[in-house]
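A.B. asks: These protein sequences, in sequence, are chains F and H. Residues in the first sequence are numbered consecutively from 107, following my numbering. Residues in the second sequence are numbered consecutively from 107, following my numbering.
Just so you know, the hints here were simulated from the structure itself, not pulled from any lab data. One or more hints might be untrue.
Partial list, derived from the structure: chain H residues whose beta carbon lies under 7 angstroms from chain F [stated by the list, open to error]:
no., residue
1, ARG187
2, GLY193
3, MET215
4, PRO230
5, ALA254
6, ASN261
7, PRO278
Here are some, though not all, of the chain H residues that point toward chain F, as calculated from beta-carbon distances under 10 angstroms [said to hold, decoys possible]:
no., residue
8, CYS130
9, GLY154
10, ALA188
11, PRO189
12, GLU192
13, LEU231
14, PRO266
The beta-carbon is built from N, C-alpha and C at its ideal position, and this holds for glycine as well.
There are 2 protein chains.
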Amino acid sequence: MLGFRMEPDGHADMRWDELDQEACPVARCVAVIGDRWNLMLLRDCFMGVRRFEDFQARLGITRHVLADRLRGLVAADILRRAPYHEGRTRYEYRLTPSGMDLYPVIMAMVTWSNTHRLGAEGRPLLYRHKGCGKHFDAKLVCSECGEALDPRHTNVEMGPGMPSDQMLRHAPVNT
Amino acid sequence: MLGFRMEPDGHADMRWDELDQEACPVARCVAVIGDRWNLMLLRDCFMGVRRFEDFQARLGITRHVLADRLRGLVAADILRRAPYHEGRTRYEYRLTPSGMDLYPVIMAMVTWSNTHRLGAEGRPLLYRHKGCGKHFDAKLVCSECGEALDPRHTNVEMGPGMPSDQMLRHAPVNT
Numbered sequence: 107m108l109g110f111r112m113e114p115d116g117h118a119d120m121r122w123d124e125l126d127q128e129a130c131p132v133a134r135c136v137a138v139i140g141d142r143w144n145l146m147l148l149r150d151c152f153m154g155v156r157r158f159e160d161f162q163a164r165l166g167i168t169r170h171v172l173a174d175r176l177r178g179l180v181a182a183d184i185l186r187r188a189p190y191h192e193g194r195t196r197y198e199y200r201l202t203p204s205g206m207d208l209y210p211v212i213m214a215m216v217t218w219s220n221t222h223r224l225g226a227e228g229r230p231l232l233y234r235h236k237g238c239g240k241h242f243d244a245k246l247v248c249s250e251c252g253e254a255l256d257p258r259h260t261n262v263e264m265g266p267g268m269p270s271d272q273m274l275r276h277a278p279v280n281t
Numbered sequence: 107m108l109g110f111r112m113e114p115d116g117h118a119d120m121r122w123d124e125l126d127q128e129a130c131p132v133a134r135c136v137a138v139i140g141d142r143w144n145l146m147l148l149r150d151c152f153m154g155v156r157r158f159e160d161f162q163a164r165l166g167i168t169r170h171v172l173a174d175r176l177r178g179l180v181a182a183d184i185l186r187r188a189p190y191h192e193g194r195t196r197y198e199y200r201l202t203p204s205g206m207d208l209y210p211v212i213m214a215m216v217t218w219s220n221t222h223r224l225g226a227e228g229r230p231l232l233y234r235h236k237g238c239g240k241h242f243d244a245k246l247v248c249s250e251c252g253e254a255l256d257p258r259h260t261n262v263e264m265g266p267g268m269p270s271d272q273m274l275r276h277a278p279v280n281t
């Protein structure tokens, strides 16, 4: 369970501590990243940040909140603790393979902001692909045919892993 | 401002109501989607859900919380209210072009969960690309050369839109 918090108005109709038990693949990912601090921490991890003090300095959050979020991300197998030596043994936080695979989520967010939330002064950060040497945007394509994905050109269907008691609330309304 | 809540332990070092003023493109997107309900609502929007009662039935949240989140998503130009007639005039919620462009974020989450959070029973939902007719995974590629993106093969650089007073906390630690 990650980042469960009772909402200020006290409702808890859908249990966030059971979100990773939901069949929906979006819900299972929201259980990990559906928290602002977790997303900002992940951003920093992909920027190469690894140490507690560096996370804290960049985010300006309390040690308590930071430790809580790091603990949760380790428990979810997104980060792992790795020892390093600086006088005494300390620990830094590195992305696991599962954490590395969240890169498309973060880069999809970057591309959206560069399209819809850009100031007149231009892009604040530039992303360069070492492979081709160019500044790039992240582009989401179909794994089968390579065409750019458009929500108007896709459909959702029930799969074998959908429990019958969750079908109703996950039923797509395809158009 | 979207979904600002004081954390239970009372810290507010980084002001969430100013998150959309941060230069970082991840932060600007977190200002919109860094809330569990917003993400779950977006998921349902991409499933074709449009009406207040349908969102409520699927998510099981209070009318108050749902109305609050829908209002925020309309204010952020992610959803728009569109009238429909059913006896009297009512309103449904449709994705704006800016909302439609969040599709890659949602589909990147789906692909991650299908890779790292899949039960033995298999995929709960299948996504079919109308273009090629096949079930697909969302794949993130470089807009310039079309190669699959790997965080180990990209670099981050400061761009013209990065204010000098934010450079330090956004500095990449490229490796």
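A.B. asks: Against this structure, judge whether each hint is valid.
C.D. replies: Verification of the hints:
1. Interface restraint check for ARG187 of chain H: the shortest CB-CB distance to chain F comes to about 18 angstroms, outside 7 angstroms, so the restraint is violated.
2. Taking 7 angstroms as the C-beta cut-off, the interface hint given for GLY193 of chain H is violated, the closest approach to chain F being about 21 angstroms.
3. Hint status for MET215 of chain H relative to chain F: holds, with the closest Cβ pair at about 4 angstroms, below 7 angstroms.
4. For PRO230 of chain H, the shortest C-beta to C-beta distance to chain F is roughly 4 angstroms, which falls under 7 angstroms, so the interface hint holds.
5. For ALA254 of chain H, the shortest C-beta to C-beta distance to chain F is roughly 9 angstroms, which exceeds 7 angstroms, and the interface hint is violated.
6. Annotation: ASN261 of chain H was flagged as interfacial toward chain F, and the flag holds, the nearest CB pair being 5 angstroms apart, inside 7 angstroms.
7. Given the 7 angstroms rule on beta carbons, the hint for PRO278 of chain H holds: about 5 angstroms separates it from the nearest Cβ of chain F.
8. The interface hint given for CYS130 of chain H is met, as the beta carbon of that residue sits about 6 angstroms from the closest beta carbon of chain F, less than 10 angstroms.
9. Because the closest C-beta pair between GLY154 of chain H and chain F is about 3 angstroms apart, less than 10 angstroms, the hint holds.
10. Of the supplied interface hints, the one on ALA188 of chain H is violated, with its beta-carbon coming no nearer than about 14 angstroms to a beta-carbon of chain F, more than 10 angstroms.
11. The beta carbon of PRO189 of chain H is not positioned within 10 angstroms of any beta carbon in chain F (closest approach about 18 angstroms), and the interface hint is therefore violated.
12. Given the 10 angstroms rule on beta carbons, the hint for GLU192 of chain H is violated: about 16 angstroms separates it from the nearest Cβ of chain F.
13. Here the hint on LEU231 of chain H is kept, as its CB sits about 5 angstroms from the closest CB of chain F, short of 10 angstroms.
14. Look at PRO266 of chain H: its Cβ gets to within about 4 angstroms of chain F, closer than 10 angstroms, so that hint holds up.
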